Amino acid sequence: MERKLWQELRSRRFHAFKFRRQQPIGPYIADFVCFDAKLIVELDGGQHGLATNEAYDAARTAWLEQEGFRVLRFWNSDVIENFESVLGEIALGLGMKPW
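Here the sequence shown stands for residues 1 to 99, numbered as in UniProt numbering.
The set of hints was computed from the structure by calculation and includes no laboratory data.
Hints may be right or wrong, so weigh each one.
Unchecked claim - Under the rule of at most 20 Å between Cα atoms (straight-line distance), these lysine-lysine pairs were calculated in the PhoX-like manner: (1) K18 - K4; (2) K38 - K18; (3) K18 - K97; (4) K38 - K97.
Stated by the list, open to error - Simulated DEER-style distance windows between Cβ atoms: (5) P24 - E84: 16 to 22 Å; (6) P27 - Q7: 27 to 33 Å; (7) A55 - R13: 32 to 38 Å; (8) N53 - I25: 17 to 23 Å; (9) A55 - Q7: 28 to 34 Å; (10) A16 - A55: 34 to 40 Å; (11) R10 - I80: 15 to 21 Å.
Computed from a prediction, not measured in an experiment: that's the story for all the values here.
Where a beta carbon is used, it is the ideal one built from N, C-alpha and C, also for glycine.
Work the whole structure out from these sequences, hints included.
Right, dumping it as structure tokens:
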């Protein structure tokens, strides 16, 4: 799923914003980050629904937000089933109008 989303976000294809993939930020690695907009996009698989992983994800998100980032999380299934909606939410996160 990351590959599919990356095809839209890479090389300034998405509203001309520069995204980086698998970018280290402090002790974490963001799936996708746009530093100019301080926006992180995370894709979660089924393992993120486990209680131990939910706690880790919450702590991780809190740390990233304290560093000034906005974090958008999507399930992998959202990318498969609602790709245009995911892109619309990312556009809103960038302060753009969704298409």
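Going through the hints against the structure:
1. K18 - K4: 16 Å, holds
2. K38 - K18: 11 Å, holds
3. K18 - K97: 17 Å, holds
4. K38 - K97: Roughly 17 Å between the alpha carbons, so the hint for K38 and K97 holds.
5. P24 - E84: 16 to 22 Å: 30 Å, violated
6. P27 - Q7: 27 to 33 Å: 28 Å, holds
7. A55 - R13: 32 to 38 Å: 35 Å, holds
8. N53 - I25: 17 to 23 Å: Because 19 Å falls inside the window, the suggested range holds.
9. A55 - Q7: 28 to 34 Å: 32 Å, holds
10. A16 - A55: 34 to 40 Å: At roughly 37 Å between Cβ atoms, A55 and A16 fall inside 34 to 40 Å, so the hint holds.
11. R10 - I80: 15 to 21 Å: 19 Å, holds
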